[in-house]
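Peer 1: Same order as they appear, the protein sequences are chains Z and F.
The first sequence begins at -2 in this note's numbering and counts up one residue at a time.
The second sequence begins at 4 in this note's numbering and counts up one residue at a time.
No wet-lab data here; the hints were simulated from the structure.
Fair warning: there could be bad hints in the mix.
Selected chain F positions facing chain Z (Cβ under 10 Å, derived; list incomplete) [said to hold, decoys possible]:
| id | residue |
| --- | --- |
| 1 | 55 |
| 2 | 102 |
| 3 | 165 |
| 4 | 167 |
| 5 | 250 |
| 6 | 263 |
| 7 | 266 |
Rough simulated footprint, nothing fancy, chain F against chain Z, three-plus residues with beta-carbon under 8 Å [unchecked claim]:
| id | stretch |
| --- | --- |
| 8 | 53 to 61 |
| 9 | 114 to 126 |
Predicted model, so just to flag it, every value in this text is computed and none were measured.
C-beta atoms are modelled at their ideal positions from N, C-alpha and C, and glycine is treated no differently.
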Amino acid sequence: MSGQLPEALDTVAALLGRLPGVGKRSALRLAFHLLERPREEAVQLADALSALHGAVGYCTRCGHLSTGELCEICLDPRRDRHTLCVVETVPDLLAIEATGEFGGLYHVLHGVLSPLRGVGPGQLRLASLVDRVGSGGFSEVILATSISVEGEATAAYVQRLIHRTPQLMLSRIASGVPQGSDLEFIDQGTLGRALRARQTL
Amino acid sequence: MHLERVWADGFRNLSGVELLPHVRFNIVEGDNGQGKTNLLEAIYLLAGLRSFRTTRLAECVRFDQDRAEVACRVVRRGVASDLGMELGGRRTGSGPRSKVWVDGKVASRATDYLGRLVVVLFTPDHLRLPFGEPDARRRYLDRALFNHQAGWLATLRRYDRTLSQRNALLRAVSAGDADRTMLAVYDELLATAGAEISFGRASFAAELSEGVAAEFSAFAAPGLVAALSYKARGAITAGMDEAARKDALLGGLADKLDLDLRRGYTSMGPHLDDLVLTIDGRPARVHASAGQCRALVLAMKIAEIRSLERHLGEPPVLLMDDVSSELDADRNQALMAHLDALGGQVFLTTTDAAFIRLTAPRQVVRIRGGELDSSPSPSASTDSPAGDDPGSMA
Ligand SMILES: [Zn+2]
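Bound conformation, chain F alone (with noise of 0.2 Å):
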């Protein structure tokens, strides 16, 4: 999969901006604040109708604008599409707030649109996965999730909504305005939309874990043996199938039932769930230094996009935003070695071409000011622009 044309207009900082990108490797190279990761951003939103950087889409149009339109032509097994959105800003007001189209056609619904362009985004937030906190985790799974399965985040905001009405519904009992019975219906939807969601995420996980523990060792000393596990509260344990799961939620939200009212607040289900990342079977937020953590972060978007390739039947694009800044010599060394191996499309921010050590074919843009800047890059040299020369990958 690939990107032909990118298109971005009164998107953030870009004003007519058209990228015809390479098949292999697009270095974006421009000082911090010129537009670089907004680029990737409308990419990324292209691909999965949301932002990495903010939920409010109205803050992505540029302040003086009233509309935003990003666009691309994108290639899934040689068959060409044009996509595009367009946003409304704050100044729009109430009305239609964005729309989304596939070859000129308006979608009016997501999954109409949703799984042409698959995108893999790795940012220096992910290098700080395994210090963070766990709803960076869920977070992080939950979007490598969306890229298998369009319909993922649709059953997370389900799960979501039922845990708000049945907090509401706590603090209603609570206060003497709802029937406590009332409770045993929210507790119905609750469990079975969170065992959706605990085995979907535990079975990925599980799936992600097997391709880190082989890709690790690229970035780590040898020897050492790296492992994801999701980790549920209360009864559920790893083998458990969707039913088991949910009948230990039931169970769970009925034995914390009294807290619950007390603190007007669901103390059970995957909202609160881990994603454990050990070496060497210990957690590495505590026992691994930062050097095995930024190795075990390089083999998790490797296994990522590894499993993603094997979904897809072909690799999927990503979108590194200054990655390499953050890494030693030799990881950076190890992780362009890999992204050379594993084929497909890759746009790379960095304030600084000459950071990306690759013998990869690629194209260098420069951005300044939110536009294109044509001038000869003095830094690195400019490859032939897309699709020119595809035999000489691989």
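Bound-form chain Z, shown alone (with noise of 0.2 Å):
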């Protein structure tokens, strides 16, 4: 079916379909909406995209997103500098963001371990955290990886990765949150509670 369509709308419905939750056919009614629908709105759509990866890029220290080389948060004067919140992925941050309840600095590893999937410690920004550490200044690390298998793998490799010393205490936030879900999905009630109640490792 899909050969007996013009050329710029398969190629359209192709890499729609390579987004994740897009399936074949969901890509392909898409791909027929962009047609249908005014020329401007394809073109709006397609100089967005086009202008993505310039206008916004990674925080090179943290790894949020940003405009410039450092994020916000990374250059805000009013953050505490002394506590380090490791989390594996932005939304994740900015669920903890929309808590309230932290007003230190953050890490984004971008994923989380998994044998599974092919991650290693190699796919994360580990190296880039352990340095951070290394280099002083933190009296705290918080590992704010979700409460799932490869949260908490992830989060016990962490701990053996970064040396403790009597001035550098690790925690974890505490794990009355749901099985299986991620930080995103938890109510900001129950987030703000698991960082509350963080546990020192």
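Each of the two chains sits in its own frame; use the hints to bring them together as a complex.
Peer 2: The structure is reproduced here in structure tokens:
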């Protein structure tokens, strides 16, 4: 069937089909939708997409979204520079920010250890974490990876990487958080409690 | 605990079935393929959010429907609550597969839902437990444990997931794609979860075993002694607590590491353990007669119900799927006498209600083509429906 489609439409459908959660059929439906809508809408989307990578990048220090070299959080003088919170993803960081319970700095790993998916330490921002912590200045590092098997394994691995000193405390968010759910889906009250009730490792 | 109402629509072949059960015995009569087991499956699903026939709930949705709905009103310690579940079918595609609700409010977490309805299932498959594979006996034990602690499934899932990750890591290490020092992380997590499972199962098997020893004589020749014990692999012994089991598991994982790396598979842990059933100290599967094995299973089910009754403070709901047809007349009679004495609500399916020899108050319903057949049954009388006559029991 798709062989009979004009090439341009077929290409758009194939590219949309690469997006997470978009199957072959819905990709085609979206492509048709773009074709049927006014031309300007498609152009607007195309322009926004081509500007995306140029306009938004990642903070070179913490891995948060940023339009410059350092993100707003890293540049904010009011943040507590002695506390570091290690999270899996940017949405996790945003979820913790939304609780208003945390005023320190972050380190985004951009993933989680999973041998099943072929993700090892090399694919995560671990070397920069070790450097950051090793250069001193932090009195507490909070491991806020999710309470899933993968999040626990990642936290345990980070715990082995970071050399504890009398000046540096390592802690883990409390595990009252429901099984298998990522931080993003936990309501803010629960996440705030998990942060407050963190346990020293 | 008892059900006052059961509703199923679009669930397998059931369409718009509403049953107002009797507080004691409900005999669901029907020919094979008419839907009587589907009704038990719907009740079982409402209790634990899982089926006993499939792991893919979409299969439970009637082939020509997008969704199925099952619901019930359960009375626990005198308080009624309405439970419901909506299932997405194979045609639904992506999006929320199913949702559950309690008293009209959607429950977002399983823990908000579980524990309101507790059922014990008894099927002919259970009668084959002594002869079957260890995994069937592990599943039996885990389901019984789940009735005592609703979080048990999450514990099992965490262990299984950790096991899959460790096995994947073993293969990656063998292929030179991962560093073997990473294994320490997964060994620790696996041993922690594994010790919890091993200790939980062993303690529960010991409790059940006492009950089995007491009940067995009712179903078998006098003088024989039946027992259950949890047999863990490696250096784990019966009396060990959870911490000692964790140490033993860690030791076992280390000892077997070279073997595991060659196989790409973890050869130590509760995923390989067994529940050993013995009669007079000898494994039932090798030494006992078929009749003795049946007697042992009957004693296990009665012990399971009694232990749950102590835990809940009232009897659980019992679901029996065509068990009577697999038992001889004597054992059937002994079983019915036990059920009669236990109290509590029972749902039994059968092809012919005349097989069920009961004196207790009961209701007979017939099911045909996925619908309740309201014409009077020729084979058995129908007693008063739910709640009308609780004084006549006990
Ligand atoms: Zn930053």
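Peer 1: Decide, hint by hint, whether the structure agrees.
Peer 2: Against the structure, the hints come out as follows:
The beta carbon of residue 55 (chain F) is not positioned within 10 Å of any beta carbon in chain Z (closest approach about 22 Å), and the interface hint is therefore violated. About 15 Å separates the beta-carbon of residue 102 (chain F) from the nearest beta-carbon of chain Z, more than 10 Å, and the hint is not met. With a cut of 10 Å, the hint placing residue 165 (chain F) at the interface with chain Z holds, because the nearest CB-to-CB distance is about 5 Å. Taking 10 Å as the C-beta cut-off, the interface hint given for residue 167 (chain F) holds, the closest approach to chain Z being about 6 Å.
Interface restraint check for residue 250 (chain F): the shortest CB-CB distance to chain Z comes to about 18 Å, outside 10 Å, so the restraint is violated. Annotation: interface hint on residue 263 (chain F) violated; nearest CB of chain Z at approximately 13 Å, more than 10 Å. With its C-beta approaching chain Z no nearer than about 16 Å, residue 266 (chain F) sits outside the 10 Å limit, and its interface hint is violated. Check result for the stretch 53 to 61 of chain Z against chain F: violated, 0 residues qualifying (beta carbon to beta carbon below 8 Å, three or more required).
For the stretch 114 to 126 of chain Z, the stated coverage by chain F holds: 3 residues have a C-beta nearer than 8 Å to a C-beta of that chain, and at least 3 were required.
Hint check: violations occur at hints 1, 2, 5, 6, 7 and 8; the rest are consistent with the structure.
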